[in-house]
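Student: Heads up: the sequence shown is residues 16 to 331, going by our numbering.
Among the hints, erroneous ones may be present.
[Stated by the list, open to error] Heads up, simulated DSSO-like pairs for lysine-lysine below, C-alpha to C-alpha not over 30 Å straight-line:
| no. | residue 1 | residue 2 |
| --- | --- | --- |
| 1 | K108 | K245 |
| 2 | K36 | K92 |
| 3 | K208 | K128 |
| 4 | K331 | K289 |
| 5 | K259 | K33 |
| 6 | K36 | K259 |
| 7 | K163 | K208 |
| 8 | K214 | K108 |
| 9 | K50 | K208 |
| 10 | K245 | K36 |
| 11 | K131 | K144 |
| 12 | K36 | K301 |
| 13 | K128 | K186 |
| 14 | K131 | K50 |
| 15 | K284 | K301 |
| 16 | K300 | K23 |
| 17 | K33 | K108 |
| 18 | K92 | K144 |
| 19 | K301 | K33 |
| 20 | K108 | K128 |
| 21 | K108 | K131 |
| 22 | K92 | K300 |
Source of the hints: derived by calculation from the structure; they are not laboratory data.
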Amino acid sequence: MFDIEFIKELSVGSLSDKGYKSMIRGIASVARNHKWQKAIIAPELIQSNYWTDENIEDLAHYFFEWGFTNGKFNQLKEIPESHLSYYFTQIFKSFVANRISEEQQKKGLSYEKCKKLVFEICAESYFSKEIDGVVYISSYPFEYEDVKREDRGMDSLLDFLPHILIREDAKHFKPLVKNALEEIFSLIDYPVKSSTLIKLIFNLFDQRIFFEYPKKATYQEEIGENNPKKHQRAIENLLAGLSKQDAQIISEYLFQSHEKISLSTLGKKNQMPKRTVHHRIESFKKKILINFIPENQEDGIIFMENLSSALNEQAK
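With these hints in hand, go ahead and build the complete structure from the sequences.
Tutor: In C-alpha coordinates form, the structure reads like this:
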(Lines of atoms letter the chains of each structure in order from A; the text may use other names.)
(Lines give C-alpha, C1' and ligand atoms only; values in the text may rest on other atoms or scores of the structure.)
Protein backbone atom coordinates (compact mmCIF):
# COMPACT_ATOMS: atom_id res chain seq x y z
CA MET A 16 0.00 0.00 0.00
CA PHE A 17 2.72 2.48 1.08
CA ASP A 18 6.34 2.00 -0.01
CA ILE A 19 8.75 1.54 2.91
CA GLU A 20 11.47 3.60 1.21
CA PHE A 21 9.24 6.64 0.98
CA ILE A 22 7.83 6.23 4.48
CA LYS A 23 11.42 6.50 5.69
CA GLU A 24 11.90 9.64 3.62
CA LEU A 25 8.80 11.19 5.16
CA SER A 26 9.92 10.27 8.69
CA VAL A 27 13.03 12.45 8.32
CA GLY A 28 11.23 15.26 6.50
CA SER A 29 12.88 14.77 3.10
CA LEU A 30 10.19 13.32 0.86
CA SER A 31 11.42 13.20 -2.74
CA ASP A 32 9.29 13.99 -5.76
CA LYS A 33 9.10 10.27 -6.54
CA GLY A 34 8.16 9.58 -2.92
CA TYR A 35 5.46 12.27 -2.99
CA LYS A 36 3.86 10.69 -6.06
CA SER A 37 4.01 7.26 -4.42
CA MET A 38 2.32 8.62 -1.29
CA ILE A 39 -0.43 10.17 -3.41
CA ARG A 40 -1.07 6.82 -5.10
CA GLY A 41 -1.22 5.05 -1.73
CA ILE A 42 -3.62 7.60 -0.25
CA ALA A 43 -5.81 7.42 -3.35
CA SER A 44 -5.96 3.64 -3.11
CA VAL A 45 -6.97 3.65 0.57
CA ALA A 46 -9.53 6.47 0.20
CA ARG A 47 -11.22 4.92 -2.81
CA ASN A 48 -11.12 1.34 -1.53
CA HIS A 49 -12.84 2.37 1.71
CA LYS A 50 -15.32 4.57 -0.20
CA TRP A 51 -14.95 7.36 2.33
CA GLN A 52 -17.37 10.27 1.93
CA LYS A 53 -15.67 13.49 0.86
CA ALA A 54 -18.48 15.38 2.52
CA ILE A 55 -17.41 14.09 5.94
CA ILE A 56 -13.65 14.28 5.55
CA ALA A 57 -13.38 17.55 3.62
CA PRO A 58 -16.71 19.31 2.96
CA GLU A 59 -14.98 22.20 1.21
CA LEU A 60 -13.91 19.81 -1.57
CA ILE A 61 -17.44 18.75 -2.51
CA GLN A 62 -18.51 18.81 -6.12
CA SER A 63 -19.24 15.11 -6.42
CA ASN A 64 -18.49 12.26 -4.08
CA TYR A 65 -15.86 10.83 -6.45
CA TRP A 66 -12.29 11.43 -5.32
CA THR A 67 -10.56 13.29 -8.16
CA ASP A 68 -6.76 13.44 -8.35
CA GLU A 69 -6.88 17.04 -7.11
CA ASN A 70 -9.06 16.05 -4.14
CA ILE A 71 -6.60 13.27 -3.26
CA GLU A 72 -3.71 15.76 -3.24
CA ASP A 73 -5.68 18.07 -0.95
CA LEU A 74 -6.41 15.16 1.38
CA ALA A 75 -2.72 14.20 1.36
CA HIS A 76 -1.72 17.74 2.32
CA TYR A 77 -4.20 17.73 5.21
CA PHE A 78 -2.74 14.39 6.31
CA PHE A 79 0.88 15.54 6.15
CA GLU A 80 0.06 18.72 8.08
CA TRP A 81 -1.82 16.76 10.74
CA GLY A 82 0.95 14.17 11.01
CA PHE A 83 3.80 16.65 11.43
CA THR A 84 1.85 19.03 13.66
CA ASN A 85 0.83 16.25 16.05
CA GLY A 86 4.13 14.35 15.94
CA LYS A 87 2.50 11.25 14.43
CA PHE A 88 5.53 10.52 12.22
CA ASN A 89 8.13 10.83 14.99
CA GLN A 90 8.07 7.11 15.87
CA LEU A 91 8.30 5.80 12.30
CA LYS A 92 12.10 5.41 12.53
CA GLU A 93 11.69 2.96 15.41
CA ILE A 94 9.17 0.64 13.70
CA PRO A 95 10.58 -2.61 12.19
CA GLU A 96 10.50 -2.60 8.38
CA SER A 97 8.20 -5.64 8.31
CA HIS A 98 5.51 -3.61 10.13
CA LEU A 99 6.24 -0.15 8.76
CA SER A 100 3.73 -0.08 5.89
CA TYR A 101 0.94 -1.43 8.09
CA TYR A 102 1.77 1.02 10.90
CA PHE A 103 1.80 3.98 8.48
CA THR A 104 -1.55 2.91 7.02
CA GLN A 105 -3.02 2.87 10.52
CA ILE A 106 -1.73 6.41 11.11
CA PHE A 107 -3.51 7.50 7.94
CA LYS A 108 -6.74 5.77 8.99
CA SER A 109 -6.45 7.41 12.41
CA PHE A 110 -6.22 10.80 10.68
CA VAL A 111 -9.38 10.04 8.68
CA ALA A 112 -11.22 8.88 11.80
CA ASN A 113 -10.22 12.12 13.50
CA ARG A 114 -11.53 14.20 10.58
CA ILE A 115 -14.81 12.30 10.58
CA SER A 116 -15.19 12.78 14.33
CA GLU A 117 -14.53 16.51 14.06
CA GLU A 118 -17.06 16.96 11.26
CA GLN A 119 -19.75 14.98 13.05
CA GLN A 120 -19.36 17.02 16.23
CA LYS A 121 -19.68 20.37 14.51
CA LYS A 122 -22.69 22.48 15.32
CA GLY A 123 -24.49 24.79 12.97
CA LEU A 124 -25.22 24.15 9.29
CA SER A 125 -22.82 21.68 7.65
CA TYR A 126 -21.94 21.88 3.97
CA GLU A 127 -23.60 18.54 3.29
CA LYS A 128 -26.82 19.58 5.07
CA CYS A 129 -26.82 22.85 3.15
CA LYS A 130 -26.43 20.97 -0.14
CA LYS A 131 -29.31 18.65 0.69
CA LEU A 132 -31.61 21.56 1.58
CA VAL A 133 -30.70 23.51 -1.58
CA PHE A 134 -31.72 20.58 -3.79
CA GLU A 135 -34.86 20.00 -1.74
CA ILE A 136 -36.01 23.62 -1.99
CA CYS A 137 -35.06 23.91 -5.65
CA ALA A 138 -37.15 20.83 -6.46
CA GLU A 139 -40.12 22.57 -4.84
CA SER A 140 -39.79 26.14 -6.05
CA TYR A 141 -37.14 26.49 -8.78
CA PHE A 142 -36.29 25.14 -12.23
CA SER A 143 -33.38 22.81 -12.87
CA LYS A 144 -31.99 21.14 -15.98
CA GLU A 145 -28.93 19.01 -16.75
CA ILE A 146 -26.91 20.33 -19.69
CA ASP A 147 -23.69 18.68 -20.86
CA GLY A 148 -23.58 16.68 -17.62
CA VAL A 149 -23.94 19.76 -15.39
CA VAL A 150 -27.04 20.63 -13.37
CA TYR A 151 -28.15 24.26 -13.67
CA ILE A 152 -30.76 25.97 -11.48
CA SER A 153 -32.82 29.06 -12.24
CA SER A 154 -35.79 30.99 -10.90
CA TYR A 155 -37.53 30.75 -14.30
CA PRO A 156 -37.81 28.14 -17.11
CA PHE A 157 -34.73 28.12 -19.34
CA GLU A 158 -33.21 26.50 -22.41
CA TYR A 159 -29.72 25.53 -23.55
CA GLU A 160 -28.93 28.97 -25.02
CA ASP A 161 -29.76 30.71 -21.71
CA VAL A 162 -26.90 29.01 -19.89
CA LYS A 163 -23.60 30.77 -19.25
CA ARG A 164 -20.76 28.26 -19.37
CA GLU A 165 -18.52 30.47 -17.24
CA ASP A 166 -19.42 31.40 -13.66
CA ARG A 167 -16.50 33.70 -12.96
CA GLY A 168 -17.23 36.53 -10.60
CA MET A 169 -20.07 34.70 -8.86
CA ASP A 170 -18.25 34.98 -5.53
CA SER A 171 -18.55 38.76 -5.80
CA LEU A 172 -22.29 38.39 -5.20
CA LEU A 173 -21.43 37.85 -1.53
CA ASP A 174 -20.27 41.47 -1.38
CA PHE A 175 -23.77 42.69 -2.22
CA LEU A 176 -25.75 40.41 0.09
CA PRO A 177 -26.18 40.62 3.86
CA HIS A 178 -24.79 37.59 5.65
CA ILE A 179 -27.37 35.44 7.40
CA LEU A 180 -26.58 34.84 11.06
CA ILE A 181 -27.08 31.31 12.38
CA ARG A 182 -27.73 31.39 16.09
CA GLU A 183 -26.31 28.85 18.48
CA ASP A 184 -29.76 27.44 19.31
CA ALA A 185 -30.89 27.18 15.65
CA LYS A 186 -32.47 23.82 14.81
CA HIS A 187 -34.40 24.47 11.58
CA PHE A 188 -32.22 25.58 8.68
CA LYS A 189 -34.59 25.18 5.74
CA PRO A 190 -36.16 28.66 6.08
CA LEU A 191 -32.66 30.16 6.23
CA VAL A 192 -31.51 28.35 3.09
CA LYS A 193 -34.74 29.34 1.32
CA ASN A 194 -34.10 32.95 2.25
CA ALA A 195 -30.54 32.73 0.94
CA LEU A 196 -31.77 31.34 -2.39
CA GLU A 197 -34.23 34.20 -2.74
CA GLU A 198 -31.50 36.73 -1.98
CA ILE A 199 -29.17 35.30 -4.64
CA PHE A 200 -31.79 35.06 -7.37
CA SER A 201 -32.87 38.61 -6.61
CA LEU A 202 -29.52 39.68 -8.07
CA ILE A 203 -29.22 37.36 -11.07
CA ASP A 204 -31.56 36.45 -13.90
CA TYR A 205 -29.74 33.50 -15.43
CA PRO A 206 -29.20 29.79 -14.63
CA VAL A 207 -26.41 28.90 -12.20
CA LYS A 208 -24.44 25.68 -11.79
CA SER A 209 -25.81 23.80 -8.79
CA SER A 210 -22.31 23.33 -7.32
CA THR A 211 -21.62 27.08 -7.55
CA LEU A 212 -25.00 27.92 -6.05
CA ILE A 213 -24.45 25.63 -3.07
CA LYS A 214 -21.04 27.17 -2.32
CA LEU A 215 -22.50 30.68 -2.55
CA ILE A 216 -25.32 29.86 -0.18
CA PHE A 217 -23.08 28.10 2.33
CA ASN A 218 -20.68 31.06 2.36
CA LEU A 219 -23.58 33.45 2.88
CA PHE A 220 -24.16 32.14 6.38
CA ASP A 221 -22.44 33.71 9.36
CA GLN A 222 -21.50 30.85 11.71
CA ARG A 223 -18.72 32.57 13.64
CA ILE A 224 -20.46 31.76 16.90
CA PHE A 225 -19.40 28.12 16.52
CA PHE A 226 -15.70 28.91 16.15
CA GLU A 227 -13.05 30.28 18.47
CA TYR A 228 -10.40 32.62 17.15
CA PRO A 229 -7.04 33.01 18.89
CA LYS A 230 -6.21 36.48 20.18
CA LYS A 231 -3.42 38.27 18.39
CA ALA A 232 -1.58 38.77 21.68
CA THR A 233 -1.44 35.01 22.16
CA TYR A 234 0.10 34.70 18.71
CA GLN A 235 2.78 37.26 19.54
CA GLU A 236 3.62 35.45 22.76
CA GLU A 237 3.85 32.00 21.22
CA ILE A 238 5.12 32.75 17.73
CA GLY A 239 5.76 36.35 16.80
CA GLU A 240 8.67 37.21 14.55
CA ASN A 241 11.05 36.73 17.48
CA ASN A 242 11.07 32.93 17.13
CA PRO A 243 13.20 32.55 13.97
CA LYS A 244 14.78 29.17 14.71
CA LYS A 245 11.90 27.14 13.28
CA HIS A 246 11.87 29.29 10.14
CA GLN A 247 15.64 29.19 9.80
CA ARG A 248 15.79 25.38 9.92
CA ALA A 249 13.04 25.03 7.34
CA ILE A 250 14.61 27.61 5.01
CA GLU A 251 18.04 25.93 5.27
CA ASN A 252 16.45 22.63 4.24
CA LEU A 253 14.65 24.29 1.33
CA LEU A 254 17.75 26.03 0.02
CA ALA A 255 20.09 23.04 0.41
CA GLY A 256 21.34 22.08 -3.04
CA LEU A 257 19.28 24.78 -4.77
CA SER A 258 21.17 26.44 -7.64
CA LYS A 259 21.27 30.19 -8.17
CA GLN A 260 19.24 29.78 -11.35
CA ASP A 261 16.51 27.74 -9.63
CA ALA A 262 16.41 30.20 -6.73
CA GLN A 263 15.89 33.05 -9.20
CA ILE A 264 13.15 31.16 -11.08
CA ILE A 265 11.26 30.24 -7.91
CA SER A 266 11.62 33.74 -6.46
CA GLU A 267 10.31 35.33 -9.63
CA TYR A 268 7.36 32.97 -9.93
CA LEU A 269 6.25 32.82 -6.29
CA PHE A 270 7.09 36.27 -4.93
CA GLN A 271 6.94 38.76 -7.77
CA SER A 272 5.03 41.94 -7.00
CA HIS A 273 4.28 42.82 -10.63
CA GLU A 274 1.89 41.06 -13.03
CA LYS A 275 2.12 37.27 -12.77
CA ILE A 276 4.84 35.86 -15.00
CA SER A 277 4.09 32.77 -17.08
CA LEU A 278 5.97 29.47 -17.08
CA SER A 279 6.63 29.94 -20.81
CA THR A 280 8.24 33.33 -20.20
CA LEU A 281 10.42 31.92 -17.42
CA GLY A 282 11.42 29.01 -19.66
CA LYS A 283 12.50 31.29 -22.51
CA LYS A 284 14.32 33.61 -20.13
CA ASN A 285 16.29 30.74 -18.60
CA GLN A 286 16.64 28.69 -21.80
CA MET A 287 14.83 25.61 -20.51
CA PRO A 288 11.58 23.81 -21.45
CA LYS A 289 8.35 25.04 -19.85
CA ARG A 290 7.73 21.58 -18.33
CA THR A 291 11.14 21.70 -16.61
CA VAL A 292 10.35 25.08 -15.06
CA HIS A 293 6.96 23.77 -13.94
CA HIS A 294 8.51 20.64 -12.41
CA ARG A 295 11.11 22.60 -10.43
CA ILE A 296 8.57 25.07 -9.08
CA GLU A 297 6.09 22.35 -8.10
CA SER A 298 8.83 20.29 -6.46
CA PHE A 299 9.88 23.30 -4.39
CA LYS A 300 6.27 23.98 -3.33
CA LYS A 301 5.96 20.38 -2.15
CA LYS A 302 9.21 20.74 -0.18
CA ILE A 303 7.72 23.77 1.57
CA LEU A 304 4.77 21.64 2.67
CA ILE A 305 7.07 18.94 4.05
CA ASN A 306 9.51 21.28 5.82
CA PHE A 307 7.23 23.92 7.30
CA ILE A 308 3.76 23.86 8.89
CA PRO A 309 2.62 27.35 10.01
CA GLU A 310 1.11 27.77 13.44
CA ASN A 311 -1.43 30.18 11.97
CA GLN A 312 -1.87 32.64 9.13
CA GLU A 313 0.46 35.28 10.53
CA ASP A 314 3.22 32.73 11.14
CA GLY A 315 2.85 31.62 7.52
CA ILE A 316 3.12 35.20 6.23
CA ILE A 317 6.29 35.87 8.24
CA PHE A 318 7.83 32.61 7.02
CA MET A 319 7.08 33.39 3.35
CA GLU A 320 8.62 36.86 3.75
CA ASN A 321 11.76 35.29 5.21
CA LEU A 322 11.83 32.66 2.46
CA SER A 323 11.52 35.34 -0.22
CA SER A 324 14.52 37.21 1.19
CA ALA A 325 16.54 33.99 1.46
CA LEU A 326 15.79 33.06 -2.17
CA ASN A 327 16.91 36.49 -3.33
CA GLU A 328 20.20 36.07 -1.47
CA GLN A 329 20.65 32.55 -2.90
CA ALA A 330 20.08 33.88 -6.43
CA LYS A 331 22.90 36.49 -6.21
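Student: What's the verdict on K163 and K208, does the C-alpha distance respect the 30 Å limit or exceed it?
Tutor: This hinted pair holds, its Cα atoms lying about 9 Å apart.
Student: Does K108 pair with K131 here, judged by a C-alpha cut-off of 30 Å?
Tutor: Distance ~27 Å between K108 and K131 Cα, so the pair holds.
Student: For the pair we were handed, K284 and K301, check the Cα-Cα distance against 30 Å.
Tutor: It holds: about 24 Å lies between the C-alpha atoms, which stays within 30 Å.
Student: For the pair supplied as a hint, K108 and K128, is the alpha-carbon distance within the 30 Å limit?
Tutor: 25 Å, holds
Student: Would you check the hint for K33 and K108, treating anything up to 30 Å between C-alpha atoms as holding?
Tutor: 23 Å, holds
Student: Taken at face value, is the distance from the CA of K144 to the CA of K131 at most 30 Å?
Tutor: 17 Å, holds
Student: Would you mind confirming whether the straight-line C-alpha gap from K108 to K245 stays at or under 30 Å?
Tutor: Given that 30 Å is the threshold and the Cα spacing comes to 29 Å, the pair holds.
Student: CA of K92 to CA of K144, is that 30 Å or under?
Tutor: Violated: K92 and K144 sit about 55 Å apart, past 30 Å.
Student: Given the hint that K128 pairs with K186, test it: the Cα-Cα distance must not exceed 30 Å.
Tutor: Distance of about 12 Å is within 30 Å: holds.
Student: K331 and K289 were given as a pair; does the straight-line alpha-carbon distance stay at or below 30 Å?
Tutor: 23 Å, holds
Student: Take a quick look at whether K36 and K301 sit within 30 Å of each other, Cα to Cα.
Tutor: The given pair, whose Cα atoms are some 11 Å apart, holds under the 30 Å limit.
Student: Check the hint pairing K301 with K33 against an upper bound of 30 Å on the C-alpha distance.
Tutor: 11 Å, holds
This entry does not satisfy hint 18, going by the numbered hints stated previously; all others are met.
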